Amino acid sequence: MQKIILAKTGNEAMALAMKQVNPDVVAAYPITPATEIVQIFSQYVADGEVKTEFVAVESEHSAMSACIGSAAAGARTMTGTSSQGLALMYEMIYIAAGLRLPIVMADVNRALSAPINIHCDHSDTMGCRDAGWIHIFSENAQEAYDSMIQAVRIAEHQDVRLPVMVTTDGFIISHGMERIDTLPDADVQSFIGKYDPMMHLLDVKKPFTVGAINLTDYYFEHRRAMVDAQNNALKVIKEVGQEFGKKFDTNYGLIEKYQLDDAEVAIVALGSTCGTSKVVIDKLRQQGVKAGLLKVRVFRPFPTEEIARALENIRTVAVLDRSDSVGGFGGPVFTEIRSALYGSAKKPQISGVVYGLGGREIDMEQIEGLFMDLKAGKVKADAVSYLGVRE
Amino acid sequence: MSELKKYKELALGGNIEKGGTAVDFKTGDWRSSRPIYHPENCIQCLFCWVYCPDSAVILKDGKVTGFNLDHCKGCGICAHECPGKKKVKAITMEEEVK
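Chains as they are written, first to last, in the working numbering: chain D, 139 to 529; chain P, 287 to 384.
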């Protein structure tokens, strides 16, 4: 199997994946730090390298609206955005999922205003966690590229039929250049296959109604059906990730365990912080510290059972959240993981750590310090602390 | 409630798997005034039929015969547009009284 090694930023990698997917329609509006994704893609359109209809809209609300119309018409549809752009899409985000339209979106995670900020945290996509979208985080540009390709298969799977967002950490991944393995166009095309829209509005022989009103009689049933689709996605994401591994050598699952099975102290993280943590863990392991990492790749559907199984034998766990549910008991990852562990017979001492808001740097020394504090029992269990803030 | 479908029996995403279903949705029950037809003043110009936003003017053999009150929302456009005969309207609006 031939791979093409390239130097790409996260944004370039995601744009390349979109080019190789060659969707029927892309509707998008630029926003820092995701601008390059659709900017590069629009160049592919202008150069005739894709057959995509590119819709340059006047806002992100319109971008997602156009994507919904396009997907309902039966077109393979993609878009990209970040932060305030995603926030402006919010109304349409729920509609895309509720109408069960397999749109694939690249989102570069960025803090939400105010204060205005352009750097990484996960507040933007976490704000959409209940919308019904599948939500895949990337540790690096390679994963962003690979996940964008897999996302098409996941979204379009007949047991799923939900939109998928694939995210990278703003600037850290989106603008950091890496060596990545890319696939020949033909391999991407054969992996994603031909799109079968099942029902689509351009099929004039089978007219149907999209977006009809559901009041007290049927709304609940349609939302309940989405729960099944999310549960089905747990299996489909793993199948697609394994098939990807079989064909292209890198397996993907819902979570990744790094030195976790025999770990005494562990952290849970999403996105680029996992890469930093792995370097710290390698160092600590050499010093005899049994440190480990649980990387959550897929946040929706939330892999509750896998996470509980992976963590139940660890002594002490800190869950890192790069977003906060202000006024809640910790960030969204902490809340879900603590809840996932509630039914386990054995469970770790667990604490929540909110870090990196608005792009605040998280470095190896801080992660090492966190591990040492966990080891020394200095991190209060069942409590939430803030790492890297001036208190 | 027994005739309502369970969630696994429903079409994906709330789709209704045929077209033209708006006719089954009775929108006339929140009307606050209704059109009254006075055939003696009607010149059969069909302006009311053309202008009605809800296709609620009933024609028979190309002639106005009355209104479909299941779908008429009582907007009064028909009465407004009606030229009548010798300036006497063939459609007037009357307040709905229960």
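These are calculated hints, taken from the structure and not from any lab test. One or more hints might be untrue.
Chain D residues, not near chain P, derived (Cβ > 10 Å throughout) [as the list claims (entries may be wrong)]:
| no. | residue |
| --- | --- |
| 1 | Pro322 |
| 2 | Arg362 |
| 3 | Lys373 |
| 4 | Phe386 |
| 5 | Thr388 |
| 6 | Asn389 |
| 7 | Gly497 |
| 8 | Asp501 |
Covered stretches of chain D (chain P as the covering partner; in silico rule of three or more C-beta atoms under 8 Å from a C-beta of chain P) [said to hold, decoys possible]:
| no. | segment |
| --- | --- |
| 9 | 237–244 |
| 10 | 346–353 |
Here the structure is a predicted model, which means the values were calculated and not measured. Glycine included, C-beta positions come from ideal geometry on N, C-alpha and C.
Going through the hints against the structure:
no.	hint	in the structure
1	Pro322	holds, 34 Å
2	Arg362	violated, 4 Å
3	Lys373	holds, 17 Å
4	Phe386	holds, 31 Å
5	Thr388	holds, 32 Å
6	Asn389	holds, 30 Å
7	Gly497	holds, 37 Å
8	Asp501	holds, 45 Å
9	237–244	holds (count 3)
10	346–353	holds (count 6)
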